[in-house]
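Given the coordinates of chain F, work out where chain A should sit on it, guided by the hints.
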Amino acid sequence: MLRILEAVISIITLLTFFFGYFLAFPSIPSLESINWKLQTYNLLKTLDEKGMLRNFILQNRSTTLKNILKTYLGTKNLEVVICETQCNLPEIESEKLTSIFYLISGNSTHFSPKQILVYRW
Amino acid sequence: MKGQIFIILTIIVVTILLLIKTSLNFESLIRSKVELENSLEREIFSSLKKELNKVLISGYNDISTLINNENSFLSFSRSVLKSRLIDLKCLAIYAFYKKINVSEPTTLNLTFFNMLGKLQQLNFTFNSQTKSFSNLEIYAKNSTSFQISITSNQNLPLEVSYKFENEIFTYSFLIPFEVNKSKFIAFFDLSLEGKMFQNDKVNYVIDLI
Numbered sequence: 001m002l003r004i005l006e007a008v009i010s011i012i013t014l015l016t017f018f019f020g021y022f023l024a025f026p027s028i029p030s031l032e033s034i035n036w037k038l039q040t041y042n043l044l045k046t047l048d049e050k051g052m053l054r055n056f057i058l059q060n061r062s063t064t065l066k067n068i069l070k071t072y073l074g075t076k077n078l079e080v081v082i083c084e085t086q087c088n089l090p091e092i093e094s095e096k097l098t099s100i101f102y103l104i105s106g107n108s109t110h111f112s113p114k115q116i117l118v119y120r121w
Numbered sequence: 122m123k124g125q126i127f128i129i130l131t132i133i134v135v136t137i138l139l140l141i142k143t144s145l146n147f148e149s150l151i152r153s154k155v156e157l158e159n160s161l162e163r164e165i166f167s168s169l170k171k172e173l174n175k176v177l178i179s180g181y182n183d184i185s186t187l188i189n190n191e192n193s194f195l196s197f198s199r200s201v202l203k204s205r206l207i208d209l210k211c212l213a214i215y216a217f218y219k220k221i222n223v224s225e226p227t228t229l230n231l232t233f234f235n236m237l238g239k240l241q242q243l244n245f246t247f248n249s250q251t252k253s254f255s256n257l258e259i260y261a262k263n264s265t266s267f268q269i270s271i272t273s274n275q276n277l278p279l280e281v282s283y284k285f286e287n288e289i290f291t292y293s294f295l296i297p298f299e300v301n302k303s304k305f306i307a308f309f310d311l312s313l314e315g316k317m318f319q320n321d322k323v324n325y326v327i328d329l330i
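First to last, the protein sequences are chains F and A. Letter 19 of the first sequence, counting from 1, is numbered 19 in the working numbering, and no numbers are missing. If you count the second sequence from 1, you need to add 121 to reach the working numbering.
I should point out that these hints are in silico values taken from the structure, not numbers from a laboratory. Be aware that one or more of the hints could be misleading.
[Unchecked claim] Derived lysine to aspartate or glutamate pairs resembling EDC-like cross-links, with alpha carbons at most 20 Å apart:
| hint | chain 1 | residue 1 | chain 2 | residue 2 |
| --- | --- | --- | --- | --- |
| 1 | A | K203 | F | E84 |
| 2 | F | K37 | F | E49 |
| 3 | A | K284 | A | E258 |
| 4 | A | K316 | A | D208 |
| 5 | F | K70 | F | E93 |
| 6 | A | K171 | F | D48 |
| 7 | A | K175 | F | E84 |
| 8 | A | K304 | A | E288 |
| 9 | A | K175 | F | D48 |
| 10 | A | K171 | F | E49 |
| 11 | A | K219 | A | D183 |
| 12 | A | K171 | A | D328 |
| 13 | F | K50 | A | E172 |
| 14 | F | K37 | A | E158 |
| 15 | F | K114 | A | E258 |
| 16 | F | K37 | A | E162 |
| 17 | F | K37 | A | E314 |
| 18 | F | K50 | A | E158 |
| 19 | A | K210 | A | E162 |
| 20 | A | K322 | A | E164 |
| 21 | F | K76 | F | E91 |
| 22 | A | K210 | A | E164 |
| 23 | A | K203 | A | E314 |
| 24 | A | K175 | A | D328 |
| 25 | F | K114 | A | E164 |
| 26 | F | K45 | A | E172 |
| 27 | F | K37 | A | E156 |
| 28 | F | K45 | A | E164 |
| 29 | A | K170 | F | E49 |
| 30 | A | K304 | A | D183 |
| 31 | A | K316 | F | E32 |
| 32 | F | K70 | F | D48 |
[Stated by the list, open to error] Restraint ranges, calculated between C-beta atoms of paired labels, are given here:
| hint | chain 1 | residue 1 | chain 2 | residue 2 | range |
| --- | --- | --- | --- | --- | --- |
| 33 | F | T109 | A | S204 | 22 to 30 Å |
| 34 | A | K302 | F | N60 | 34 to 42 Å |
| 35 | A | K203 | F | E91 | 50 to 58 Å |
| 36 | F | R61 | A | L157 | 49 to 57 Å |
| 37 | A | Q241 | F | L31 | 20 to 28 Å |
| 38 | A | K203 | F | P90 | 18 to 26 Å |
| 39 | A | T265 | F | W121 | 49 to 57 Å |
| 40 | F | R61 | A | S167 | 21 to 29 Å |
For glycine and all other residues, C-beta sits at the position ideal for the given N, C-alpha and C.
Excised from the complex, chain F in its bound form (with noise of 0.2 Å):
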């Protein structure tokens, strides 16, 4: 009887101090998506400067830019749409899906505005 109790003054204690200690205290905040985000960010404008970004971006070759983004990020999980201010949006299915945007005017000789959004999950 006394083991019972002593059990039951157990689970209280636990399932008090899980209450508390989720509830009381922030969540740990996660710098994974922000850490992504930059490192993307970084490598977008990294290809503009060394001229390999724009003309892919103006020929609409989204497929070509998503290979070299997945061979320098790293990862398989990664999808690039090229597009103005209305963009198709892929159905991606992740609760860590996390997306960056990178604006370009058009190049030396052509005016064309377009962004490029690069989702990674």
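This is chain A only, laid out in the frame that chain F set:
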């Protein structure tokens, strides 16, 4: 003793969890996250400013194309950024003049594009002349001009002042005048507000052929 093991285990688990919690520096983690988010927005703002300069290259030498392209790119950027809950505001001022001959009167043309919001008042002062505009809606465009005589190469200030959200903003930027040259000057008073607020004023000058 067998029942007390539950209480002992509970104390151990609670102690371990408390130790983990106290060893985590939440403030530092939150600061790191905010700093990373801010650095991404700084990158976006920096890229936007560089891109405005690139637009000038693509529409080289045709004034109306230059102005239309800059305005289109600003509207496009605002629209994309808005969908990301980032607010881009801008007052774009384009000043240009055709080939200057010494001591002959020259016209400095001025066109502006308001992407700040509703402006109650906008004034341009150049060479002791003031031109005023009032009640300008967002995306409003307008033009004006100033007369000037130049005797040698010089930089002259164009003063801009506007009333926005009951606050008055005043600043000036230099217009470079060069004898026997035609120039186009694009000036942008930009602000970007997302997780953080950034503002800057940039101007780009190109020689027209």
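We went through each hint and held it up to the structure:
{"no.": "1", "hint": "A:K203 <-> F:E84", "verdict": "14 Å, holds"}
{"no.": "2", "hint": "F:K37 <-> F:E49", "verdict": "18 Å, holds"}
{"no.": "3", "hint": "A:K284 <-> A:E258", "verdict": "13 Å, holds"}
{"no.": "4", "hint": "A:K316 <-> A:D208", "verdict": "10 Å, holds"}
{"no.": "5", "hint": "F:K70 <-> F:E93", "verdict": "19 Å, holds"}
{"no.": "6", "hint": "A:K171 <-> F:D48", "verdict": "12 Å, holds"}
{"no.": "7", "hint": "A:K175 <-> F:E84", "verdict": "18 Å, holds"}
{"no.": "8", "hint": "A:K304 <-> A:E288", "verdict": "32 Å, violated"}
{"no.": "9", "hint": "A:K175 <-> F:D48", "verdict": "12 Å, holds"}
{"no.": "10", "hint": "A:K171 <-> F:E49", "verdict": "11 Å, holds"}
{"no.": "11", "hint": "A:K219 <-> A:D183", "verdict": "12 Å, holds"}
{"no.": "12", "hint": "A:K171 <-> A:D328", "verdict": "18 Å, holds"}
{"no.": "13", "hint": "F:K50 <-> A:E172", "verdict": "15 Å, holds"}
{"no.": "14", "hint": "F:K37 <-> A:E158", "verdict": "9 Å, holds"}
{"no.": "15", "hint": "F:K114 <-> A:E258", "verdict": "26 Å, violated"}
{"no.": "16", "hint": "F:K37 <-> A:E162", "verdict": "11 Å, holds"}
{"no.": "17", "hint": "F:K37 <-> A:E314", "verdict": "18 Å, holds"}
{"no.": "18", "hint": "F:K50 <-> A:E158", "verdict": "25 Å, violated"}
{"no.": "19", "hint": "A:K210 <-> A:E162", "verdict": "15 Å, holds"}
{"no.": "20", "hint": "A:K322 <-> A:E164", "verdict": "16 Å, holds"}
{"no.": "21", "hint": "F:K76 <-> F:E91", "verdict": "16 Å, holds"}
{"no.": "22", "hint": "A:K210 <-> A:E164", "verdict": "17 Å, holds"}
{"no.": "23", "hint": "A:K203 <-> A:E314", "verdict": "10 Å, holds"}
{"no.": "24", "hint": "A:K175 <-> A:D328", "verdict": "15 Å, holds"}
{"no.": "25", "hint": "F:K114 <-> A:E164", "verdict": "18 Å, holds"}
{"no.": "26", "hint": "F:K45 <-> A:E172", "verdict": "12 Å, holds"}
{"no.": "27", "hint": "F:K37 <-> A:E156", "verdict": "13 Å, holds"}
{"no.": "28", "hint": "F:K45 <-> A:E164", "verdict": "9 Å, holds"}
{"no.": "29", "hint": "A:K170 <-> F:E49", "verdict": "15 Å, holds"}
{"no.": "30", "hint": "A:K304 <-> A:D183", "verdict": "11 Å, holds"}
{"no.": "31", "hint": "A:K316 <-> F:E32", "verdict": "18 Å, holds"}
{"no.": "32", "hint": "F:K70 <-> F:D48", "verdict": "16 Å, holds"}
{"no.": "33", "hint": "F:T109 <-> A:S204: 22 to 30 Å", "verdict": "29 Å, holds"}
{"no.": "34", "hint": "A:K302 <-> F:N60: 34 to 42 Å", "verdict": "40 Å, holds"}
{"no.": "35", "hint": "A:K203 <-> F:E91: 50 to 58 Å", "verdict": "24 Å, violated"}
{"no.": "36", "hint": "F:R61 <-> A:L157: 49 to 57 Å", "verdict": "30 Å, violated"}
{"no.": "37", "hint": "A:Q241 <-> F:L31: 20 to 28 Å", "verdict": "44 Å, violated"}
{"no.": "38", "hint": "A:K203 <-> F:P90: 18 to 26 Å", "verdict": "21 Å, holds"}
{"no.": "39", "hint": "A:T265 <-> F:W121: 49 to 57 Å", "verdict": "52 Å, holds"}
{"no.": "40", "hint": "F:R61 <-> A:S167: 21 to 29 Å", "verdict": "26 Å, holds"}
In this structure, the hints that do not hold are numbers 8, 15, 18, 35, 36 and 37, in rising order.
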